[in-house]
Amino acid sequence: MRPLLFAANWKMHLGPDEARAYLKAFRARYNRRTDREVWFFPPAVSVEAAAQTARERGDLLVGIQDIHWEPKGAFTGAVSAPLALQAGARASLIGHSERRHVFGETDDDTRRKVGAALAAGLLPVLCVGETLAERDAGHTLAVVVRQLAAALSGLDGAALSRVVVAYEPVWAIGTGRNATPQDAGAVHREIRAWLAGRAAPAPRVLYGGSVSAKNVAALLAERELDGVLVGGASLDPEGWAQLVQTDAA
850 MRPLLFAANW KMHLGPDEAR AYLKAFRARY NRRTDREVWF FPPAVSVEAA AQTARERGDL
910 LVGIQDIHWE PKGAFTGAVS APLALQAGAR ASLIGHSERR HVFGETDDDT RRKVGAALAA
970 GLLPVLCVGE TLAERDAGHT LAVVVRQLAA ALSGLDGAAL SRVVVAYEPV WAIGTGRNAT
1030 PQDAGAVHRE IRAWLAGRAA PAPRVLYGGS VSAKNVAALL AERELDGVLV GGASLDPEGW
1090 AQLVQTDAA
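Each number in this note's numbering comes from the position in the sequence shown (counting from 1) with 849 added on.
Any given hint could be a false lead.
[Claimed, not checked] Capping the alpha-carbon separation at 20 Å, the derived lysine to any residue pairs in SDA-like fashion look like this:
| no. | residue 1 | residue 2 |
| --- | --- | --- |
| 1 | Lys1063 | Pro1086 |
| 2 | Lys873 | Lys921 |
| 3 | Lys1063 | Ala1007 |
| 4 | Lys860 | Gly1025 |
| 5 | Lys860 | Val928 |
| 6 | Lys860 | Ser929 |
| 7 | Lys921 | Ala969 |
| 8 | Lys860 | Arg1011 |
These are calculated hints, taken from the structure and not from any lab test.
Can you make the complete structure from the sequences, with help from the hints?
Right, here's the structure in full:
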């Protein structure tokens, strides 16, 4: 059985000094467990500091929140996958709903970024999910499958097996609302059905969307989930250490 994956998306919080202090505090409160992995996605400016601090613990992995699909060039403000790798990142979020809906990122952009991450040696964490309007219209599964097919097209089984998929319903991110474990499990089953036969081993599938200490045990009890992608609840090292050590209800 694969370890559960707990991924912390710090979004636009915690500069380099804060990242170092956070990870030192987290390390002091979290004893390594072989049944789980802990990944951190700090802002780009904090990746190197976080990676250097986490390096003392082999069970902690640092990634980056976004990459550009080109390896270099005249793309002011962007960070390429090779540059992220040099800074110490080992994974990258791709297609987070805030990238899609705030910055206008398209399905084709996510496809190019997944390819760029894999080419550079980063592990892509592909985020997919529907808006409230799409959910209310009964289009959840159609939207998720469309996003998967677009982002992962052209990948062979070996490449696809290195991808992590995170289902994050847009209507549940930062709102305090979250999908029930049963709702999340139903979507995860559809994701697994789409992935079936395309990769071995099958990619891990996470849930993200207002995950907190109050609901994580119930979510982890849903067998379709391989872990969680967490935003606000990951910003406090003590609280995050407690959440990561939570067992399924």
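Comparing the hints with the structure gives:
As the CA atoms of Lys1063 and Pro1086 are separated by approximately 16 Å, the hinted pair is consistent with the 20 Å bound. For the hint linking Lys873 to Lys921, the alpha-carbon distance of about 33 Å lies beyond 20 Å, and the restraint is violated. With a CA separation close to 37 Å, the supplied pair Lys1063 and Ala1007 exceeds the 20 Å bound. Restraint check: the Cα-Cα separation between Lys860 and Gly1025 comes to about 17 Å, which is no more than 20 Å; the hinted pair holds.
Proximity of Lys860 to Val928 is assessed by CA-CA distance (about 15 Å); at most 20 Å being required, the pair is judged to hold. At roughly 18 Å between alpha-carbon atoms, Lys860 and Ser929 fall within 20 Å of each other, so this suggested pair holds. With a C-alpha separation of about 12 Å, the suggested pairing of Lys921 with Ala969 holds against the 20 Å cut-off. Restraint check for Lys860 and Arg1011: the C-alpha separation of about 23 Å exceeds 20 Å, so the hint is violated.
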